[in-house]
Amino acid sequence: MGLFDKFEKIAASKRDLESQCPAFFNVVIQDIISSTEALIGGRKVILAGTNNYLGMPLRRECIQAACKALQEEGTGTTGSRMANGTYASHVDLERDISDFLGKSNTIVFTTGYSANLAMLSTMVGPRDFVLLDADCHASIYDGCRLGGVQVFRFKHNDLDDLEKRLKRLSNQDADVLIVVEGLYSMMGDRASLPGIAALKEEYGAYLLVDEAHSLGVLGETGRGLAQEAGVEDAVDFVVGTFSKSLGSVGGFCSSNHSELEIIRYTSRPYVFTASSSPANIAAAKAALSIIRKEPGLREKLWDNANFLYSRLKAMGFHVGPEASPIIPVRCARIQEAFAMWNALLERGVYVNMVLPPATPDGTALLRCSLSAAHTHSQVESIADAFEAQRPSA
Amino acid sequence: MKADKEVLEKIIGILQPFVSGSVDIVPGMDIETDLAIDSLKSMEILANLEDTFDISIPINVLSEVRTVEDLAVQVQKIIGAEG
Numbered sequence: 312m313g314l315f316d317k318f319e320k321i322a323a324s325k326r327d328l329e330s331q332c333p334a335f336f337n338v339v340i341q342d343i344i345s346s347t348e349a350l351i352g353g354r355k356v357i358l359a360g361t362n363n364y365l366g367m368p369l370r371r372e373c374i375q376a377a378c379k380a381l382q383e384e385g386t387g388t389t390g391s392r393m394a395n396g397t398y399a400s401h402v403d404l405e406r407d408i409s410d411f412l413g414k415s416n417t418i419v420f421t422t423g424y425s426a427n428l429a430m431l432s433t434m435v436g437p438r439d440f441v442l443l444d445a446d447c448h449a450s451i452y453d454g455c456r457l458g459g460v461q462v463f464r465f466k467h468n469d470l471d472d473l474e475k476r477l478k479r480l481s482n483q484d485a486d487v488l489i490v491v492e493g494l495y496s497m498m499g500d501r502a503s504l505p506g507i508a509a510l511k512e513e514y515g516a517y518l519l520v521d522e523a524h525s526l527g528v529l530g531e532t533g534r535g536l537a538q539e540a541g542v543e544d545a546v547d548f549v550v551g552t553f554s555k556s557l558g559s560v561g562g563f564c565s566s567n568h569s570e571l572e573i574i575r576y577t578s579r580p581y582v583f584t585a586s587s588s589p590a591n592i593a594a595a596k597a598a599l600s601i602i603r604k605e606p607g608l609r610e611k612l613w614d615n616a617n618f619l620y621s622r623l624k625a626m627g628f629h630v631g632p633e634a635s636p637i638i639p640v641r642c643a644r645i646q647e648a649f650a651m652w653n654a655l656l657e658r659g660v661y662v663n664m665v666l667p668p669a670t671p672d673g674t675a676l677l678r679c680s681l682s683a684a685h686t687h688s689q690v691e692s693i694a695d696a697f698e699a700q701r702p703s704a
Numbered sequence: 190m191k192a193d194k195e196v197l198e199k200i201i202g203i204l205q206p207f208v209s210g211s212v213d214i215v216p217g218m219d220i221e222t223d224l225a226i227d228s229l230k231s232m233e234i235l236a237n238l239e240d241t242f243d244i245s246i247p248i249n250v251l252s253e254v255r256t257v258e259d260l261a262v263q264v265q266k267i268i269g270a271e272g
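Protein sequences appear in the order of chains A and B. According to the working numbering, the stretch in the first sequence is residues 312 to 704, in order. According to the working numbering, the stretch in the second sequence is residues 190 to 272, in order.
What the hints contain is simulated information worked out from the structure, not anything from laboratory work. A couple of the hints might just be wrong.
Unchecked claim - List of simulated lysine-lysine pairs, DSBU-like, C-alpha gap at most 30 Å: (1) A:317 to B:194; (2) A:355 to A:317; (3) A:466 to A:604; (4) B:230 to A:379; (5) A:325 to B:266; (6) B:266 to B:199; (7) B:266 to B:191; (8) B:194 to B:266; (9) A:320 to B:194; (10) B:230 to A:320; (11) B:194 to B:230; (12) B:230 to B:266; (13) A:379 to B:194; (14) A:466 to B:199; (15) A:611 to B:191; (16) A:478 to A:466; (17) A:325 to B:199; (18) B:230 to B:191; (19) A:624 to A:379; (20) B:199 to B:230; (21) A:466 to A:355; (22) B:230 to A:466; (23) A:611 to A:355; (24) A:611 to B:194; (25) B:191 to A:624; (26) B:230 to A:355; (27) A:624 to A:611; (28) A:325 to B:191; (29) B:199 to A:624; (30) B:194 to A:325.
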């Protein structure tokens, strides 16, 4: 019995799937041509599956800020935030994020994944309860698992189910943290936040909202779903990432609970990892400044999202429950997803493909994500590529 | 700890619709390998168990459950703790 024998079932499944769609398992971005185009398999394609909602990675201001930090402060910090890895730029960015979100305290983490891992493995423990939406991201589950908190799932966006669970747990002497996401990463739908916030207040629970996909995307000034829903005061903790609308790498948690600061001394994923590189911090700071100055980016993103969603829906595709920059197309069978994914790539459109069990309801998904950087003509090309694949075509 | 017979019977009744074919579920059966119940189905089963027994079952218990009997023992423990 070897160490890797336990993976044989998964390895066999991967071999089988790869034999059916080798290109999917070997996607390499050979060259980035623009914010929305790349070379894949020697073919120039439109990127429609990158989470690059606002086109920040190639913005001149972000590149210049990153280059300046790189030249002045080097390629990496070589240390944890608790040791030599807290630079003035980390503290400065924490202040910027607090100011942007209207919160008193912010901690910057090295990735979005580690932000959730750090918060959920530390803030709650075995004597607390976490009630999380069934569709929450793996980083949320992993954080809970690391800290040993007792985890209860409620049905995705089902307020009755959430209340039923809150009621059952209310007779136990424990703190309850509800965890939801602003925009769900697979189906692109919003959390039912007004109702969740009301239940949170009614049952005296805490609320954490992961705005990974909604920061810069939702809300009047881009603060996320809590802002759009008008319930920011009810949200105890906002978690986010730099790797989507901010076009960098990193993560954060913001809160009006001043006790948040103790997480710096108690959270292993914060203490025992190197801090973000100066270039990543500088790029995120520049991107945040652009988000504040250019609300037109959000408008463009939503124009693109609404257009593609309407087109795909009208074509009869099984799209997600609501228009959003994340637009999933459900396929009844994996083989159908493989065929369509290949055909789209051949027509010069790259989308993500997500296979069960990573999908919420066990179906295969072709997942599009749009950007403010897509031109209208590119979004039309994406729609046209799908149209050529629709069942009746 | 052994599970109460009534609890075990109710659990088998809940599991039955999730098992394909005509399998007679017995307590020693492995839920994943003998009954072919995957992680998606387990979550639905957990919700059914919570409603049937009016209890809260943390998903953490799944790591301690291999057989139908294990599941019944965990449910029994929670009924005891909450009751």
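Hints and how they fare:
The hinted pair formed by residue 317 of chain A and residue 194 of chain B fails the criterion: a straight-line CA distance of about 34 Å is larger than 30 Å. Pair hint residue 355 of chain A plus residue 317 of chain A does not hold up; C-alpha atoms about 39 Å apart against a cutoff of 30 Å. The suggested pairing of residue 466 of chain A with residue 604 of chain A is violated, with an alpha-carbon distance near 38 Å, which exceeds 30 Å. With a C-alpha separation of about 52 Å, the suggested pairing of residue 230 of chain B with residue 379 of chain A is violated against the 30 Å cut-off.
As the CA atoms of residue 325 of chain A and residue 266 of chain B are separated by approximately 39 Å, the hinted pair breaks the 30 Å bound. Among the hinted pairs, residue 266 of chain B with residue 199 of chain B is consistent with the structure: their alpha-carbon atoms are about 15 Å apart, no more than 30 Å. The suggested pairing of residue 266 of chain B with residue 191 of chain B holds, with an alpha-carbon distance near 10 Å, which does not exceed 30 Å. For the given pair, residue 194 of chain B sits about 14 Å from residue 266 of chain B by alpha-carbon distance, which is consistent with the 30 Å threshold.
Taking the CA atoms of residue 320 of chain A and residue 194 of chain B, the gap is near 35 Å; set against the 30 Å cutoff, the hint is violated. A hinted pair counts as satisfied when its Cα atoms are at most 30 Å apart, and residue 230 of chain B with residue 320 of chain A qualifies at roughly 19 Å. Restraint check for residue 194 of chain B and residue 230 of chain B: the C-alpha separation of about 24 Å stays at or below 30 Å, so the hint holds. Proximity of residue 230 of chain B to residue 266 of chain B is assessed by CA-CA distance (about 22 Å); at most 30 Å being required, the pair is judged to hold.
Among the hinted pairs, residue 379 of chain A with residue 194 of chain B is inconsistent with the structure: their alpha-carbon atoms are about 70 Å apart, more than 30 Å. A distance of roughly 22 Å separates the Cα atoms of residue 466 of chain A and residue 199 of chain B; the hinted pair therefore holds under the 30 Å criterion. For the hint pairing residue 611 of chain A with residue 191 of chain B, the CA-to-CA distance comes to about 62 Å; that exceeds 30 Å, so the pair is violated. Using a Cα cut-off of 30 Å, the hinted pair residue 478 of chain A and residue 466 of chain A holds, with the two alpha carbons roughly 15 Å apart.
Simply put, residue 325 of chain A and residue 199 of chain B have alpha-carbon atoms about 37 Å apart, too far for the 30 Å limit, and the pair is violated. Annotation: proposed proximity of residue 230 of chain B to residue 191 of chain B holds, straight-line Cα distance about 25 Å (limit 30 Å). Taking the CA atoms of residue 624 of chain A and residue 379 of chain A, the gap is about 45 Å. The hint is violated against a cut of 30 Å. For the hint linking residue 199 of chain B to residue 230 of chain B, the alpha-carbon distance of about 17 Å falls within 30 Å, and the restraint holds.
Restraint check for residue 466 of chain A and residue 355 of chain A: the C-alpha separation of about 41 Å exceeds 30 Å, so the hint is violated. Among the hinted pairs, residue 230 of chain B with residue 466 of chain A is consistent with the structure: their alpha-carbon atoms are about 13 Å apart, no more than 30 Å. For a cut-off of 30 Å, the pair hint linking residue 611 of chain A to residue 355 of chain A stands: about 24 Å separates their Cα positions. With a CA separation close to 62 Å, the supplied pair residue 611 of chain A and residue 194 of chain B exceeds the 30 Å bound.
A C-alpha spacing of about 53 Å is found between residue 191 of chain B and residue 624 of chain A, which places the hinted pair above 30 Å, so the restraint is violated. Restraint check: the Cα-Cα separation between residue 230 of chain B and residue 355 of chain A comes to about 41 Å, which exceeds 30 Å; the hinted pair is violated. Straight-line distance between C-alpha atoms of residue 624 of chain A and residue 611 of chain A comes to about 20 Å, which keeps the hinted pair within the 30 Å bound. A hinted pair counts as satisfied when its Cα atoms are at most 30 Å apart, and residue 325 of chain A with residue 191 of chain B does not qualify at roughly 40 Å.
Distance check on the hinted pair: residue 199 of chain B and residue 624 of chain A sit about 43 Å apart at the alpha-carbon level, beyond 30 Å; violated. Under the criterion of a C-alpha separation no larger than 30 Å, the hint pairing residue 194 of chain B with residue 325 of chain A is inconsistent with the structure, at around 41 Å.
In summary, the numbered hints that this structure violates are 1, 2, 3, 4, 5, 9, 13, 15, 17, 19, 21, 24, 25, 26, 28, 29, 30.
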